[in-house]
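There are 2 protein chains.
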Amino acid sequence: MFRKIIITLFVVSVLLTGTSVAQNATEDLTQYVNPLIGTQEMGHVFPGACVPFGMVQLSPDTDTIPYDVDGKYTGTVYRYCAGYQYNDPTIVGFSHTHFSGTGHSDLGDFLIMPTVGDLKLNPGTADQPESGYRSRFSHETEKAVPGYYNVKLEDYDIDAELTAAEHVGFHQYTFPESDDAHIILDLTHGIYNYDGKVLWSQVWVQNDTLVTGYRITSGWARTNYLYFAMVFSKPIENYGCKNEHSQVYKGFWRKFDQENNFPEMGGRKLKTHFDFKTKEGEKIKVKFAISAVSTEGALKNLKAEVPHFDFKKVKQEARYKWQNELEKITIDASPEKKVTFYTSLYHTFINPVEYMDVDGQYRGIDHQIHKADGFVNYSIFSLWDTYRALHPLLTLIQPKRTSDMINSMLAHYDQSVLGMLPVWSHFGNENWCMIGYHAVPVIADAWINGIRGFDPQHALDACISSATNKYYGNITDYMKLGYVPYDVNATGSSMTLEYAYDDWTIAQLAKAIGKEDIAKTYEERSQNWKKLFNDKTGFIGAKDSEGNWKTPFDPLQTHDEGFIEGNSWNYSLYVPQDITGLIKKMGGNDRFSNHLDSLFSMYLPDEYFAETEDITRDGLIGCYVHGNEPSHHVAYMYNWAGKPWKTQERIHQIVNTMYLNKPDGLCGNDDCGQMSAWYIFSSLGFYPVCPGSGQYAIGSPSVQEATIKLPENKELVVKVENYAEKNIYVQSVKINGKELTDYALEHSDLLGGGELVFKMGKKPKK
Amino acid sequence: MFRKIIITLFVVSVLLTGTSVAQNATEDLTQYVNPLIGTQEMGHVFPGACVPFGMVQLSPDTDTIPYDVDGKYTGTVYRYCAGYQYNDPTIVGFSHTHFSGTGHSDLGDFLIMPTVGDLKLNPGTADQPESGYRSRFSHETEKAVPGYYNVKLEDYDIDAELTAAEHVGFHQYTFPESDDAHIILDLTHGIYNYDGKVLWSQVWVQNDTLVTGYRITSGWARTNYLYFAMVFSKPIENYGCKNEHSQVYKGFWRKFDQENNFPEMGGRKLKTHFDFKTKEGEKIKVKFAISAVSTEGALKNLKAEVPHFDFKKVKQEARYKWQNELEKITIDASPEKKVTFYTSLYHTFINPVEYMDVDGQYRGIDHQIHKADGFVNYSIFSLWDTYRALHPLLTLIQPKRTSDMINSMLAHYDQSVLGMLPVWSHFGNENWCMIGYHAVPVIADAWINGIRGFDPQHALDACISSATNKYYGNITDYMKLGYVPYDVNATGSSMTLEYAYDDWTIAQLAKAIGKEDIAKTYEERSQNWKKLFNDKTGFIGAKDSEGNWKTPFDPLQTHDEGFIEGNSWNYSLYVPQDITGLIKKMGGNDRFSNHLDSLFSMYLPDEYFAETEDITRDGLIGCYVHGNEPSHHVAYMYNWAGKPWKTQERIHQIVNTMYLNKPDGLCGNDDCGQMSAWYIFSSLGFYPVCPGSGQYAIGSPSVQEATIKLPENKELVVKVENYAEKNIYVQSVKINGKELTDYALEHSDLLGGGELVFKMGKKPKK
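If you read the sequences in order, they're chains R and E. For what it's worth, the UniProt record's numbering labels the leading residue of the first sequence as 1, then goes sequentially. For what it's worth, the UniProt record's numbering labels the leading residue of the second sequence as 1, then goes sequentially.
What the hints contain is simulated information worked out from the structure, not anything from laboratory work. A few of these clues could be false.
It does not matter which identical chain is used: a pair holds within one copy or between any two.
Stated by the list, open to error - List of simulated lysine-lysine pairs, DSS-like, C-alpha gap at most 25 Å:
| no. | residue 1 | residue 2 |
| --- | --- | --- |
| 1 | K300 | K371 |
| 2 | K250 | K269 |
| 3 | K662 | K550 |
| 4 | K283 | K766 |
| 5 | K400 | K536 |
| 6 | K584 | K536 |
| 7 | K765 | K536 |
| 8 | K371 | K303 |
| 9 | K313 | K762 |
| 10 | K470 | K255 |
Let the hints inform the model, and build the full structure from the sequences given.
Below, the structure is given as structure tokens:
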């Protein structure tokens, strides 16, 4: 009841006061979110409409086609991970599923495009938009806010508005007068499409306003089953399809004219259209619900979430849902800071998504239908990225969702014939991207930081099964030799370092639940990083199966030196579980901090940069690569070397230069919120350098004050005394009055709420 | 309890006395069934193992591939409707799903083949069996009895035995000594395969004896989802696969060596192998359960039906299940007659199949999972064939199954976006083969003959929706013009005749439930045959949309004269609902019976025969085509023309010449039991000339005595007095003492059981 009142108050305040509400508990935080940040170049986020963690992420696709008409690869797959690039001149249409910020692409399911005039069922090209159904558009008519997207489709004079619920995309198209208006549903469209990706697609016109169907695709998700139910606000006049797949056996379906007003359409290259007559300014609304289970599931979702045609209501509800989540952290900061802060927070609440129907049914990685028993099933786990800061952030401010995500991971493990926790999983599939078994630190960190609602023994079993897996990631070699040799895997050194860290978190989890033997085993395994530390060079190197160091060895090179998405200069610092041990190996505090200084100040020559993935030049500071994840903890390492002011300088620098309020304001892939989660933590003045340790490292806060909502209605207030632009240096930190002496903040100390007080100054405290 | 005792007694009697048990209630009737009858040429039945109406029909495939290596169509699709041709020299393997006697092909799912020696994963060719995994075989080592099939695979010295439960194929292979024994599961194999038929296939090796998986195919069934669970009696030593599909996107699955001992295999051209070491004479057993729902469904089916590895037990149970069904009719006749009779009865109990899991779940034609509520869901409805005699036979002796089949048809209708009852449906799909809406007469006949357990109003609605359907079969033209013009559909005249009959049955159903208005409408529609009766020629002709007769018109020609699977000579007699009216149109009794005489005595020139489908020359008597269904009632029509002795002669002739105890003993496709059902009825002395009329026409019995088990433990005893080879003429017929005067037997008179007594003589009773 209380909650209901809050909702009403908020809606009223938004309606009455627009974006000018005063800062209080119900300030409209969504006004600070700019979904267009990161839509140009490397950010790979989408500008469209979604609700927090919603399965439907309805967004314009400006291009997606990796192959030209001659079947030649055009290299655009990577550009279109989120379907949208800010500089593109045309919109192909609006599809319902997207990744947020990834470095690989898929999804883009169920593209809808409204048009008028001659019916065109191919998308055409950006050069010649009139060659297909796509349309020109301008950023001048484009508006993107949380849960709502609006643009004018210039070629058709159609005003397109999008909003969303968890499983429902809601389209509102304002047409000109036309006897020839169309809404196209192109079932061949997809992100990272290739000829043959659609294994099957099916459409049933149930009546003159309801259409159901599904498609099965084989892409990055090797077997993606997605069903839909689409409802029009106005009866369909005529409808039809083209099925351009020539190979498929037609059987006695050839008796029918399946292309015109025939209610059952099936095939592998199906493009459907629904035709209307419209008056000037007439709105046609389309509700589009999805399910991984069945069309019946999609209908259930639709009925539960959007049982009406009130577009404004769904738009307002979406905005409220965002407000409700964004209120998890309220800050006192400049409006500019609020934009980057709340846009970042927005990005941390997009992936993973609730991958289950309202009745709890979802499709497992065993391709079977399961019912989530007592949890919400989530999907899209980009774990190599997100174990670092996104999941620790969710553990802090989204404890229920974290518990649900862990139960989702354990269900994945139970369904895995390989006995693996998720590595990089999405939409009922394991796609095996990147390295490590980083579900393990997520689980361990969550348990250690007080998340409950899952069986820790089951979780430990799953972690051990993943960490001893005979199929995956050369773990057999790792267990035999203590490292993964570069001659069996070209990224073996990265694997070794990450396995050693993951192993350390297994030890922490085991210790926490009293399994000392297991803890000991994995504590030992966590020292494996030492096997690849080359005392002669002072870098982590690469060894072959015989134990010989790789020579020659280039610590600046990202490829073929044993690493992935990072060179030895960066990766040599990846020992978060034993930074003290690493510093010792590297020659003590001074030599170590000199090493860090060099990293931040050296110039990465162009030939090396060309080989660095997923980032822009803006994502570099010297050879430090913020646009990729392996370095995300690095700026905090000065703390361990006795030079915390250097951490404070670098954090301040990164926060202020690498998160900007412009379309290309992200210097690398947002990676399902990891880049943004780094920003949130670092803005608040602390960061989980080593998830599983129960500790955060102190950085340099860039907000004046912040209130973080914690479990059980507790609140942590972060106060920054002597807050000023130049006061970037921490003079003291107190948690509930107790002064921190080692720049380490215990999670257990803040979990009960209270005050975290930074005292800042313009000079380093040495 | 009583039933249990009977089972035990039967099993004991089979064990102790083999096939020599005396004739009594527990005589072993399975001894008379020869599954090899009809496996050569046109019969299109399979010789393998199944239980009555079982979903698994596990049988050897001797070839199936319609395209040669250059992709050229070889024309063998039709030959291999059941996967097996008696004269073939090799066996490709044993697959789990088959049609019985159809004229189109599909299925052949999940081919298993045991081999020894070098691993070969392609089937090879019949010319050069050593080029692949197939093996030579000989009929000398081949044994086929109900529920059991046995053959020696000569190339490998492997003795192969097959038996089955409803959802489980049970293989027992006796190997020679080998370090290199294999069991191949070829997921690319299928009947009517084409490149691209397999949309997706998936295999999970769950442990060293359990393998699960599925495939989705797009063939005659446009979207066929079939799941499996396979259990070996011996742990797998090694396993692997080849996936020859080059197009599919591989993603990060390429990290794994998926071809060797990798437990998750997926792709579009997947061939898997499981390797063993065997001792001389060692048996490896394979239990293979299927489900249209999920691998979990397959496992449930396996657990419920075959929770052990006792091959002999399953084989005996299968035989008992057959005995139990065959006992529905016991006859006194010569052993030769018993062979053709019980083989025919066997053929009538194969299709349709129980298409649902043990928990009631099945896949509907809307591709969704449904739970059958209070009925068993059946599939494989070859209705153009089977509405004539198979369903009337099942209505008589399988009332519960008939009720279930009708509920299955109504569920199909409920799921049909077109609002159609099944036309020719199989495995969760409508394949739209042939013409008519012949679910209608099945439903009407069943209701009129006392079958209950379904909602007659719902059934009537479904019949009317089908009969007024705007999408299907030019019904719109039919409703407008009273006939289907040949210029809009080349088979319009056949359609018109069959629609008119189907309409008549709607009228009967409507009348029976008190819907007189509807009855009147459809009574009128049932006279539409007259619109195509050409008084000038005395034949049913073809009209164009303007009402002009097609000229020239050749009543001997099967193609392009308005008909399908029959010429005008045969089809002109297709007015079962108004034979009296037809006789009048054709000039009275004498001219009509002369017409029939001509039909049976004329010679069909070779050029016409060449165009006649689905039959052998043996299937002709003059121009009468017994191998196709439109004539199945024709021999009985003499009764209406006052010359019943001519019916008796022709029935006697057909019964004795067209059902022979040899591999090519069927003169045409058995068509899911329709040909065989004709034989059963005709052998018993009566036949449902017009299902829905509640009447049978009297023919000439060819058994000496028969006992037919009826609902509610009633029995009808057919007694034939003066039974002798030459006494083919009926002198009198009495039902429970009441003499029949018009050669018409009321179903209501026999439903209560009692005696049907034929008195025979060597001379016609004129």
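Against the structure shown, which of the earlier numbered hints fail to hold, in ascending order? Hint check: 3, 4, 5, 7 and 9 fail, others pass.
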